[in-house]
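Sequence lines, in order, name chains E and U. Under numbering that gives the first Met the number 0, the first residue of the first sequence is numbered 0, with each subsequent residue one higher. Under numbering that gives the first Met the number 0, the first residue of the second sequence is numbered 0, with each subsequent residue one higher.
These aren't lab readings, by the way, just hints derived from the structure by calculation. Treat each hint with caution, since some may be false.
[Stated by the list, open to error] Think about it this way: if two alpha-carbon atoms lie no more than 30 angstroms apart in a straight line, the pair counts; the simulated DSBU-like pairs of lysine-lysine are: (1) E:K165 <-> E:K107; (2) E:K212 <-> U:K76; (3) U:K76 <-> E:K390; (4) E:K390 <-> E:K378; (5) U:K76 <-> E:K214; (6) E:K165 <-> E:K141; (7) U:K76 <-> E:K62; (8) E:K56 <-> E:K141.
[What the hints assert, rightly or not] Residues of chain E clear of chain U, computed beta-carbon distances all greater than 10 angstroms: (9) S198; (10) K250; (11) V309; (12) E310; (13) K396.
Glycine included, C-beta positions come from ideal geometry on N, C-alpha and C.
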Amino acid sequence: MTRYAIIGTGISGISAAQTLRDLEPKADVTLVSEDPHGFYSRPGLAYYLTGEIPENKLFPNLKKGKQKLDVQYVIGRVTRIDPHSHSLEINPGKVLHYDRLLIAAGAKSVPLDVPGGDLQGVVKLDDLEDVRNILSLIRRSKTAVVVGGGVLGIEMVEGLAAQNVKVHYLLRGDWYWSNVLAEPEARMIERNLVHDGVSIHHRAEIVEILGKKGKVTGVRTSNGELIPCNMVAVGIGVRACTELALAAGLKTDRAILVNEYLQTSDPDIFAAGDVSQIYDPLTGRSSIDNLWSPGRKQGRTAALNMAGQVEIYQRTVAVNVLLLGNVMTTIIGAIGSGRDEGPAYTTRGSSETWLQLPNTLATESSTDVSHLRLMVGEKTILGALVMGDQKIARPLKELINNQADISPIRDQLLNASAELGQSVMDFWMKTRR
Amino acid sequence: MHYKLSSESHHLQTMITGHVVPESERCIQCGICSFNCPIGIDVRFHTWMGEDVRDPTCLTCGECIERCPRGVLHFEKTEIYTRGKE
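Next comes chain U alone, as it looks inside the complex (with noise of 0.2 angstroms):
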């Protein structure tokens, strides 16, 4: 099929501040994403438990993003410092 790569600006842009969010209704538990995950992260499980992706060893390569096919996973930024309350 026809699925593009993470384009190489993409990857820079989220390796470093971002992890995968899935949004849980759109999955059909198809596992494309699991299967593609380079370091073998059940990316589907994830989305089954409805939990973001903050497995320390993801490398936000984005693509099981890129691989779902029905949109399922974005990337959002992590906020590395929770903010006190005021």
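Just chain E, with the same shape it has in the complex (with noise of 0.2 angstroms):
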């Protein structure tokens, strides 16, 4: 019988347990996590936080009728991957024999490199656990700084608001997520913003955090500004945790890398999720998702392949639907400049094939409460931008992941401003017939 395990207990190695046991009822499926709280919705931290949904809902049924995964739970951290005796220390004192691996260890937020960085009240938005930090500190702080310009930072920045708390949101572009959304794009998420209360402070960075005791007390940032406040909420990016990997000798490089099959540089050793670069041999890159669905479809494959199948991860354009300042967001293909100003890291809810873009000519058409921008190459849609109305969405993703030929809509598309979502509605629907 095959002995199979599987690091991390987010979406994709859930996934892939729940495939595996799909396909072998008998298997030996271990999934192996330090967070005590196995399964759980991880964007949905950020609901919990604002307080729209309670705790003890976060925990999806992944059955009907309420029943159990059933696999065998090891909660501990992994401190070492043997590949050549096929093992896994867990600490404390524990030795785990695999035939084959999943790592799908995930990522963690980076933290802010400044002096006062380690004080009581600098906070992060991982897991549970966090949420549970920052909700206990919330009962003693009135105002908080918030920094981090992706999906990250204004989960915070809204979570902490919807708490009551005085919220400095710190960016260090001139706008909202400079190097993803155009300029009126982030003003329109900044104006709700703005409107529930929220101070932003362009083009400023933390340079040292202030504390008293321990604890923060205030920060200054990079226009020499002091601002008091008792929390500083981080959200700069995430970084892939590749440390076992390395140690074990697999290969890496941002994430770890694998191949089209989620297979890493050893043979039994597989990789799925946000720990994972996957190579893709239609543009010969390898490019990191972080985002749900992806990461549930690359739990299967890797499961598929683990088994025995031949399975090669088909990757679907990468979308995914964030409310933003109270703005519904989608984002669909590549939409991106890339080009932002510091250290770039990856960050949670996006991906990065969003930022590779080709030549392509933007057009866009806006009201004031939804915005539509598309990135037209030479036959096809590359991308787009859906922020209000999302009734347009649907259709997009649909013409933009089958590469259909927009030729006969084209010229039309980069013209005629004020009806492109009706152009793009049309023509959808005349391919459908």
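With the hints as a guide, bring both chains together as one complex.
Right, here's the structure in full:
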């Protein structure tokens, strides 16, 4: 009987475990994680922080009738992978042997490397314990400073504002998420944040976190400003947890390198989710997707290959839906410039493929409450950003994913900005017939 | 936060003829849909399985659709009569 081990209980790990259990009802499947809470919706933590959902509702049922996934759980930190003896060392004092291993250990927030970064009151949003920590600190925190221009940063801004904490939001660029969003798009979001009482500081970074008796009392910014606060929330980006893979001699880059079968440089070890950097035979590039839906699919694909099937990971166009400053926003395909100042980290809830933009022309249309931007290539639409009204998001996802030839309406798209959405919708309806 | 409850006209239009359909790719299993269902349907599980919500007890009140922060759910018309082969 094949022994399967999976490191990580996030979406990729659970998806793999469920697939292996379905394929081989009697297989030995063991999940190992240092997170004592097992599987819960990590993106849903943002809504726990805002108070929209209680903690116990973050745990989804995976099978009908609340049946449990029939696998072994080991709570502990894996300290070493030994590829030669096919074993894991787990703290405290346990050894687990495997025939096939999946590393789905995820990514962790990059800490802020400034004086005072280790003071009590410096928080992040990676797991359930982090939210518990923030909620307990909120009792004595009237003011918070948040840094980080991507999804993590704004989730903490909105969560803290919803908990009646005065929030100062420090952005490195001239506008929010400047390597993905254009200025007018970001301003729509910023307006709503300001309306909710958030103070936004552009071109500002923390140079020092000030403290007293080990606790945060304020920050000093790159503009020389002193902001008194009791909490500093850091969401500048995430970094794949590659330490174990590196020590085991697996090939890594920004994450663990895997081929299109999600196999690492060791044929018995696979990787999926935020910890993996997946080779795309079509482009010759390896990229990271920090997204939930691809993470689930990667877990499934890895499991099929671990079980001896031959399954190529079929990349679909990267999509994410985000509520940014209360503006529903869907990002599909390649939309960003990728230009940014300072160190580049991946950010949770995003895909590197959004920034891989070949020659395109941008075309857009806006109303007060919604906005649509398309990135139009020679014959296809390569990316889209839909803010506000979401009716056009599904047709666009199909057109982009199917690389539909939009030559008949290309000029219309590039010229008729006022009717952009309608032109796309009409064309999509025709292609469906 | 700032989610609107479903409007009356929306409700009247859909409660007779519609059922809830998920677009699973948008879902992150946060559970807000199931939490807000007034009769306790596990809408999130339907989405995990990629299945329409065809639970006969569904009121089609639209709470799950309105509350979902990711726009996962929408109503589709329920075809009561299936067309025979021509």
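Exercise. Any Cβ of chain U at or closer than 10 angstroms to E:K396, or is the non-interface label fine?
Worked result: Not fine: 8 angstroms to the nearest Cβ puts E:K396 too close to chain U.
For this session: For the pair supplied as a hint, E:K165 and E:K107, confirm whether the alpha-carbon distance does not exceed 30 angstroms.
Result: Between E:K165 and E:K107 the Cα gap is close to 26 angstroms, so the pair holds against 30 angstroms.
Exercise. Is the Cβ of E:S198 more than 10 angstroms away from each Cβ in chain U?
Worked result: The assertion about E:S198 holds, with a minimum of 20 angstroms to chain U.
Exercise. Taking 30 angstroms as the top limit, are the C-alpha atoms of E:K165 and E:K141 close enough?
Worked result: holds (6 angstroms)
Exercise. Does E:K250 really sit off the interface, with its C-beta more than 10 angstroms from all C-beta atoms of chain U?
Worked result: Answer for E:K250: holds, closest chain U Cβ roughly 30 angstroms.
Exercise. Within a Cα-Cα threshold of 30 angstroms, do E:K212 and U:K76 meet the stated pairing?
Worked result: violated (62 angstroms)
Problem set entry | Agreement of E:K56 and E:K141 with the hint, judged by alpha carbon distance not exceeding 30 angstroms | holds (27 angstroms)
Exercise. Would E:V309 pass as off the interface with chain U, using Cβ distances and a cut of 10 angstroms?
Worked result: holds (24 angstroms)
Exercise. Given the hint that U:K76 pairs with E:K214, does the C-alpha gap stay at or below 30 angstroms?
Worked result: violated (57 angstroms)
Exercise. In terms of Cβ atoms, is chain U entirely out of 10 angstroms range of E:E310?
Worked result: holds (19 angstroms)
Exercise. Hey, U:K76 versus E:K390, does the alpha-carbon distance stay inside 30 angstroms?
Worked result: Given pair U:K76, E:K390 holds - Cα atoms ~16 angstroms apart, limit 30 angstroms.
Exercise. Going straight from one Cα to the other, do E:K390 and E:K378 come out at no more than 30 angstroms?
Worked result: Roughly 23 angstroms between the alpha carbons, so the hint for E:K390 and E:K378 holds.
When each numbered hint is compared with the structure, violations occur for hints 2, 5, 13.
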